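Asker: The residues making up each chain are set out below.
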Amino acid sequence: MSGAQKLPSQPIVDHHPLTLPSIIGRVVLGIETSCDETAVGVVDDARSILAHEVYSQLDEHALYEGVVPEIAARAHVERLDILVEKALRTAGLRLGDMAAIAVTGGPGLIGGLVVGTASAKALAAVLGKPLLVVNHLAAHALTARLTDGIAFPYLLLLVSGGHSQLLAVHGADRFERLGTTIDDAAGEAFDKVAKMLGLGYPGGPRLEALARFGDPTRFDLPRPLSRHAGCDLSFSGLKTAVRTTILSLGEEGAHEATRADLAASFQTAVADSLSARTRRAIALMEARYGGGLPLVVAGGVAANGVVRQALAGLAAEHAMPFIAPPITLCGDNGAMVAWAGIERLELGAGDPLDSLTRARWPLDMSASPRIGSGQKGAKA
Amino acid sequence: MPSTEPDRPLIVAFDCTGDTLSACLGTREGVLVAATAAEDANAAEALMPLLDRMVRAHGKWSDVGLVALTIGPGGFTGVRVGVATARALSLALPCSLMPIGTLEAIAACLPPAPDLWVVKDVRRGEVVLQHFRAGRPSGGPELSSVDAARFRVLANPPSQLGGDGVALLDLGGIKIEAEGVPVAEGVWRVACRQLAEDRHPVAGTAVRPFYQRAPDAKIAQRLRPPPDVD
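Chains as they are written, first to last, in UniProt numbering: chain A, 1 to 380; chain B, 1 to 230.
FYI, nobody ran anything at the bench for these hints, they're computed from the structure. Misleading hints may appear alongside valid ones.
Once the Cα atoms are required to be at most 16 Å apart in a straight line, the calculated EDC-like pairs of lysine to aspartate or glutamate come out as [what the hints assert, rightly or not]:
#1 A/K129 - A/E78
#2 A/K195 - A/E256
#3 A/K129 - A/E346
#4 B/K218 - A/D97
#5 B/K60 - B/D7
#6 A/K129 - B/D52
#7 B/K218 - A/E346
#8 A/K129 - A/E286
#9 A/K86 - A/D97
Beta-carbon label-pair distances, calculated as ranges [said to hold, decoys possible]:
#10 B/R222 - A/S366: 41 to 51 Å
#11 A/L347 - B/A220: 56 to 66 Å
#12 B/A57 - A/S366: 49 to 59 Å
#13 A/G292 - B/P215: 27 to 37 Å
#14 A/I327 - B/R53: 38 to 48 Å
Quantities reported herein were computed from a predicted structural model and do not represent experimental measurements. All C-beta atoms, glycine included, are put in the ideal place defined by N, C-alpha and C.
Working from the sequences, and respecting the hints, build out all of it.
Answerer: Shown next as structure tokens:
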């Protein structure tokens, strides 16, 4: 099979107040409340992001150095309708202009999910418009089609605080898991190591900032599963190695330069590990489809510069287009949910008002669960 | 005030703060229909289908001029489902909301009494109790241990007691009233009473859940203030 068809790219428009409803296609409102971001997006079927509003709960959770589910749920209910109004103002549209209401129905923290789905159901019922309950992971997975308009299939590395998976994306509702973490998610490992280094919350960005001043070769940290076949991932052993290293360093572990070296060494180990496992997945995809399919990275860890660089290099080695969403679309957001809704709308999908919210909702329902996979952490 | 507009006469009232989800649809003149979801129904899944069926059976959503709801105390998830649903309804219709304390709604379900304590079981060996005089709150809802609540009630025995927390108090011979009607009808009664008293509904964004407890969360050890040292 030949390489994926690349549709003409369209710039992302964050603010689009002059758009007239009569000249745009179907517009969908997307609601995201699965973890610690309350987010609303408005997207049309021509791949324009008409509104992209995110309220990050960083301040609410900072004292606890991690996401507290009850605090997250309380914040969502106080903010969501305000963000919907703001997003509509930004888009220059009314609720009645929406073709459908899309909402994350899982996986995620159940307390937040029910706030989003309860709101979306009320909006959809009153407007008489379809309700589209979207898988949060599918929304991340399909973001590359929103930003770059790529065709199916493609190889996806989905790396976030709750998930680390390699997937073959065959369609908007067809995902094949090639590999997944057997313990911690990559983003979770970033957060835990950041905590060990006293960096606080959110750990990932702070660890990356500290690592800029460090020597990534100073500490010889493991690359888990490097000798194992398959595409599964693991980060628990790496996390433990960092803890052991900190303990062995004693007082020296508190020095800024040492902490920076450890942060850089850890970050490089994660990037190496992700690259090595992705390399195996590329081989699988090449064997099936030939070369040249896009390599897509998505999820919060996709915002990490070192990880992006490593994956871009890997894609270049294999002459694959490399697609990483803009940083603003790496984290949880409503635009990706709205787009996933549009993809489902194109398939003729719609969901009833009694749709379930699901704390766990694997993308590939046929893949067997891995012990420990995605069962830890706030975003699991 | 939306509910007094003749073209939008319907009032939606619901309660999902307790074990049983209930809803009713009415006007200022009376209840048109009331329903209770199955006992094991999850509010996140059952509330909106119930409301949608009621409204469509007796009119259309654009006939709704007011949404009244309980805001707690109660199960946190149920409280949030109710508030999130009501705020979204307020945005979409648009209409104002009438937030009502759950214990006040329960009190409105009971036969009139000069003196009433409503006691709600909120788990963990605690109750929330509120006192009513002639159907009106004489104070706010208070979180209390079961023992302290028993002492409080026995110190000034009321003419009537209600709510699912009363059984926990083990009060012997004091008369306990079963809730006469589903709580949603109490919500509707309080909403109508408040409208009659010219108490105005509020904007959706002004409606906030009433939580009887702070979140269970521990401040990171690194960030805790040092203990006081004399």
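Asker: Next step is simple, just say for each hint if it's right about the structure.
Answerer: Hint-by-hint comparison with the structure:
Among the hinted pairs, A/K129 with A/E78 is inconsistent with the structure: their alpha-carbon atoms are about 24 Å apart, more than 16 Å. In summary, the hint linking A/K195 to A/E256 is supported, as the alpha carbons are separated by about 15 Å, within the 16 Å threshold. Under the criterion of a C-alpha separation no larger than 16 Å, the hint pairing A/K129 with A/E346 is consistent with the structure, at around 15 Å. Proposed proximity of B/K218 and A/D97 is contradicted: the alpha carbons are some 44 Å apart, above 16 Å.
A C-alpha spacing of about 12 Å is found between B/K60 and B/D7, which places the hinted pair at or below 16 Å, so the restraint holds. Pair hint A/K129 plus B/D52 holds up; C-alpha atoms about 13 Å apart against a cutoff of 16 Å. Only pairs whose Cα atoms come within 16 Å are accepted, and B/K218 paired with A/E346 is rejected, the gap being roughly 46 Å. Distance restraint check for A/K129 and A/E286: the Cα-Cα separation of roughly 42 Å exceeds the 16 Å cut-off, and the hinted pair is therefore not satisfied.
For the suggested pair A/K86 and A/D97, the alpha carbons sit about 15 Å apart, so the restraint of at most 16 Å is met. The supplied range of 41 to 51 Å is met by B/R222 and A/S366, whose beta-carbon atoms lie about 44 Å from each other. About 45 Å separates the C-beta atoms of A/L347 and B/A220, a value inconsistent with the hinted range of 56 to 66 Å. Taken as a hint, the range 49 to 59 Å is violated for the pair B/A57 and A/S366, whose Cβ atoms sit roughly 41 Å apart.
Between A/G292 and B/P215 the beta carbon distance is about 50 Å. The supplied range of 27 to 37 Å is therefore violated. A hinted range of 38 to 48 Å holds for the C-beta pair A/I327 and B/R53, which are about 44 Å apart.
When each numbered hint is compared with the structure, violations occur for hints 1, 4, 7, 8, 11, 12, 13.
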